[in-house]
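Trainee: Given next are the chains, with one letter for each unit.
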Amino acid sequence: MKKTIILTISLFCLVLNIKAQKIKGSDTVLPLSQEAAENYKKKNPASAVSVTGGGSGVGISALISGTTEIAQASRKIKFDEKLKIQESGNSLKEIIIAYDALSVIVNPSNKVSKLTREQLEGIFTGKITNWKEVGGEDLKIVPYSRETSSGTYEFFKESVLKNKNYKSGIMSLPATGAIIQSISQTKGAIGYVGFAYLNTKVKTINISYDKGKTYVIPNITNVKNKTYPIVRPLYYYYLTKNSNKVKGFVDYILSPEGQKIVSNVGYITLK
Amino acid sequence: MRFPMKIVERLLEGVFKMSSSITSIVILLIIIFLFKEGFGLFRSPVVENGYGLYINSKNPIADINPTQIKQIFDGEIDNWKTIGGNEESIYLFRFDEIFSIYTDEELGENYQFLPQKLNNIIAENSNIIAFFPKKYMQEISSNTKEIATKNIEITDFVLGKEWLPTTTPSPLFGIVPLVLGTLLVSFLAILIALPLGLGVAIYLSEIASNRVRGIIRPAIELLAGIPSVVYGFFGLVIIVPIVQKVGNISAGETAFTGSLILAIMALPTIISISEDAIRNTPLALRESSYALGATQWQTIYKIVIPYASSGISAAIILGIGRAIGETMAVLMVTGNGAVIPHSIFESVRTIPATIAAELGEAPIGGTHYQALFLLGCVLFLFTLILSIVSELISKKQTSKTA
Amino acid sequence: MIRSKNIQQKIAFHIFRLLSFGILGILVWILGFIIYNGIQVISWEFITSYPKEGMTEGGIFPAIIGTIYLVIGSMIFAVPLGIMSAIYISEYASNQKWVRFIRIMTNNLASIPSIVFGLFGMALFVHTFGFGDSILAGSLTLGILIIPIVIRTTEEALKAVPESYRLGSFALGATKLQTIKNVVFPIAFPNIMTGLILSVGRVSGETAPILFTVAAYFLPKLPQSIFDQAMALPYHLYVIATSGTDIEASKPIAYGTAFVLISIVLTINLLAGWIRRYFEKQNSI
Numbered sequence: 312m313k314k315t316i317i318l319t320i321s322l323f324c325l326v327l328n329i330k331a332q333k334i335k336g337s338d339t340v341l342p343l344s345q346e347a348a349e350n351y352k353k354k355n356p357a358s359a360v361s362v363t364g365g366g367s368g369v370g371i372s373a374l375i376s377g378t379t380e381i382a383q384a385s386r387k388i389k390f391d392e393k394l395k396i397q398e399s400g401n402s403l404k405e406i407i408i409a410y411d412a413l414s415v416i417v418n419p420s421n422k423v424s425k426l427t428r429e430q431l432e433g434i435f436t437g438k439i440t441n442w443k444e445v446g447g448e449d450l451k452i453v454p455y456s457r458e459t460s461s462g463t464y465e466f467f468k469e470s471v472l473k474n475k476n477y478k479s480g481i482m483s484l485p486a487t488g489a490i491i492q493s494i495s496q497t498k499g500a501i502g503y504v505g506f507a508y509l510n511t512k513v514k515t516i517n518i519s520y521d522k523g524k525t526y527v528i529p530n531i532t533n534v535k536n537k538t539y540p541i542v543r544p545l546y547y548y549y550l551t552k553n554s555n556k557v558k559g560f561v562d563y564i565l566s567p568e569g570q571k572i573v574s575n576v577g578y579i580t581l582k
Numbered sequence: 043m044r045f046p047m048k049i050v051e052r053l054l055e056g057v058f059k060m061s062s063s064i065t066s067i068v069i070l071l072i073i074i075f076l077f078k079e080g081f082g083l084f085r086s087p088v089v090e091n092g093y094g095l096y097i098n099s100k101n102p103i104a105d106i107n108p109t110q111i112k113q114i115f116d117g118e119i120d121n122w123k124t125i126g127g128n129e130e131s132i133y134l135f136r137f138d139e140i141f142s143i144y145t146d147e148e149l150g151e152n153y154q155f156l157p158q159k160l161n162n163i164i165a166e167n168s169n170i171i172a173f174f175p176k177k178y179m180q181e182i183s184s185n186t187k188e189i190a191t192k193n194i195e196i197t198d199f200v201l202g203k204e205w206l207p208t209t210t211p212s213p214l215f216g217i218v219p220l221v222l223g224t225l226l227v228s229f230l231a232i233l234i235a236l237p238l239g240l241g242v243a244i245y246l247s248e249i250a251s252n253r254v255r256g257i258i259r260p261a262i263e264l265l266a267g268i269p270s271v272v273y274g275f276f277g278l279v280i281i282v283p284i285v286q287k288v289g290n291i292s293a294g295e296t297a298f299t300g301s302l303i304l305a306i307m308a309l310p311t312i313i314s315i316s317e318d319a320i321r322n323t324p325l326a327l328r329e330s331s332y333a334l335g336a337t338q339w340q341t342i343y344k345i346v347i348p349y350a351s352s353g354i355s356a357a358i359i360l361g362i363g364r365a366i367g368e369t370m371a372v373l374m375v376t377g378n379g380a381v382i383p384h385s386i387f388e389s390v391r392t393i394p395a396t397i398a399a400e401l402g403e404a405p406i407g408g409t410h411y412q413a414l415f416l417l418g419c420v421l422f423l424f425t426l427i428l429s430i431v432s433e434l435i436s437k438k439q440t441s442k443t444a
Numbered sequence: 266m267i268r269s270k271n272i273q274q275k276i277a278f279h280i281f282r283l284l285s286f287g288i289l290g291i292l293v294w295i296l297g298f299i300i301y302n303g304i305q306v307i308s309w310e311f312i313t314s315y316p317k318e319g320m321t322e323g324g325i326f327p328a329i330i331g332t333i334y335l336v337i338g339s340m341i342f343a344v345p346l347g348i349m350s351a352i353y354i355s356e357y358a359s360n361q362k363w364v365r366f367i368r369i370m371t372n373n374l375a376s377i378p379s380i381v382f383g384l385f386g387m388a389l390f391v392h393t394f395g396f397g398d399s400i401l402a403g404s405l406t407l408g409i410l411i412i413p414i415v416i417r418t419t420e421e422a423l424k425a426v427p428e429s430y431r432l433g434s435f436a437l438g439a440t441k442l443q444t445i446k447n448v449v450f451p452i453a454f455p456n457i458m459t460g461l462i463l464s465v466g467r468v469s470g471e472t473a474p475i476l477f478t479v480a481a482y483f484l485p486k487l488p489q490s491i492f493d494q495a496m497a498l499p500y501h502l503y504v505i506a507t508s509g510t511d512i513e514a515s516k517p518i519a520y521g522t523a524f525v526l527i528s529i530v531l532t533i534n535l536l537a538g539w540i541r542r543y544f545e546k547q548n549s550i
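Chains as they are written, first to last, in our numbering: chain E, 312 to 582; chain W, 43 to 444; chain H, 266 to 550.
Please keep in mind that the hints were generated in silico from the structure rather than gathered at the bench. Be careful, since some hints might not be right.
Claimed, not checked - Straight-line alpha carbon distances no greater than 25 angstroms define the calculated DSS-like cross-link-like pairs of lysine-lysine that follow:
| id | chain 1 | residue 1 | chain 2 | residue 2 |
| --- | --- | --- | --- | --- |
| 1 | E | K354 | H | K317 |
| 2 | E | K478 | W | K203 |
| 3 | W | K438 | H | K424 |
| 4 | E | K556 | E | K571 |
To be verified - Examples of chain E residues lying across from chain W (beta carbon under 8 angstroms, computed):
| id | residue |
| --- | --- |
| 5 | F390 |
| 6 | G400 |
| 7 | T459 |
Think of the CB as a built atom: it goes at the ideal place given N, C-alpha and C, for glycine as much as any other residue.
Could you put the whole structure together from the sequences, leaning on the hints where they help?
Mentor: Dropping the structure here:
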């Protein structure tokens, strides 16, 4: 009983302490920020960077409502989100911290190894429903998608589906890890994940954006020489008035050491 | 000495009384906050906030609804005739395309010529439908008219068949697939759990020896104590692959998988409440049944079960209530496809799973955020009704016993 | 005729026995799965160190501490309120309509899904009160969630105290407050404790209410104040099982987390059950 009281009192006393720095947002950027925060702490033991996921939207709305210092995003900030920040009398700073190649993956047992953008559009909008229509065996296609407002979902929709909607009732899993898990278990599955998430349990598809003339596999070389078509920047957003507060960490992630974490985690460095 | 003591007593009584009303206050607050945020949805425009949909003023179309907007922008409707206009193909124009038509110089340094250029494009194309920020269309000229200016209606929400909360220009907030998904998973779960639970309840209260009861009852308590996220994890790693293999279906994340997990989770509730109801059957009733030569089993299903039926129905309803509100386990195993379910071996999306998965990503105060709060209201009303019904039923039971 | 009756009974009873042991089987299956996979990961280091290498190595120390903070925080809020309201309902309230109203409200509050508490907590504590994602907001949300449990169990415990004890105390000239403090409460205490322990179990396992009110994916150090975010075991399990770049590499961590979570919750439940049974026996003697 006494211990509880002491603990309570000490808890309340600590209220006066300074708030820790927070990064919040995209699940795609999450592993990168997490590892960067982990290493940054080794370098600056006094720092306390906390990292939370939830999605690009959650990060930016937290930035708007002032509950985070840095919003991590896997998509560009939306027009009306920008307006909201302007309305609150703040201005926004946008930093690209890395690039990500969105990879299309299938179950390893699947014989199909290349698809055109048009075929992908057909599959994810529900017009193509069987693997034999794209040169595979007679098997129902099971497309997996991310949750509706993750940056990955929106970028894929913009780039691959040309802004058309996904087929209604597409399975949407709460996080990328769950998509890998499901695709590795499901024979007819297809899905899309960030480059960093690829592993041997799933098979990566070669993509063509020129109606089947050339097919490109996502790898670091192809992203750097810009032949792989589905590449997106990953962002940090913060309010200009917080510049001083977040500078240390942002500089760290842009430094050679920080960029080494970028490639360790599996994303593509800026240079 | 006596006097201040009395004051203390009075004071404390007041404090006790105040704290006793805390639950009522909390419920009131929940209602206020949920409904206040939720009903904001019906004061929001159909088209994404800050944006407008514009057509050429020669176009006879007066208004279109959100579903039509979605179909037009998906390319499913490509002729104005389909929605009652002229025989003309639809020219889709999204804001970004202006930058591929005009250079930045032509648009001006601060995009001061942008409104004018937009206006020209709309004026030149009678078959256009253009989607861009309202602030670039400050004064509507005679060449253009804005359509779909209405607010979201209750019928769009309650009767809508599509849940596409982030689609542009006009998000769709139809809850029909979510409600049906939730109900399907919950009822199926109870359908699985009820015979099991009833059997166990009968066994525990009528047949089992004290020793066996001493093993099974704590086991059921433990089952009730396992956190739902652990059930979800177990379902994701074990049950999903099993369902896929045994059912030989294309994906293991189905309504059925969710129901199996929910059934296990609802069992403790159903067992303990029906066991209580069965125990409450008066001894006199049983003994008269035995006296007439009935076996124990005949007594159970002809006398005890009918007598306990209202208690058992209360158990069913509480079980459904539990299942309807369950979030994490369902989120992890049902695949969350927002579609009106046609079979139990399809993916479904439930209301709680939708809230848990989307709330974090919805911009605060936006239509999506409001729609999720409205889903919270729906969930709240569901469970409120269920808990009132179960209360009425168990009251009937107690009055019968008395 | 009599034979067929008996055969019917035999078959039915066998089925029921089978079902009951089937439930036992399900429990063993779930626990076995978690324990078998989790025990290989568990070590002193796992419990006392921070996550490392992008959550694929290291331990879950901050999540354990976060859960403890949330338990303490929610109890500070819910226990006094819950116990006081129960005392009022069972000892003071003379207006039966008022009591019935409160009871209905309490029952309703108990039946509201936990995700709705999450929504409510986010709207009220995180945004309206401006606490942000914090231990404070999370504790308040969880506190509201368990108030009905505390009220109900306390009320039952108080009701179980025989009326004659109260009358005896009054007869000796004790006031109502003195009676409650010196006679009723001490007798009811073990049962109240059971209820409190059960609600601790509930708080430590809940995920949905903390999703939007407190939970963090990664914190480099322990929360410093009640306005900081915290990691928590159930959320940690959810995140590890569904996110992370290398889901295979982090699976052992997920099993370990599930193991720790389940050990905590089940120990609490067993403890509560044991206390209840212990005092039941004492009372019956």
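Trainee: Mind listing which of the numbered hints don't hold for this structure, in increasing order?
Mentor: Hint check: 6 fails alone, others pass.
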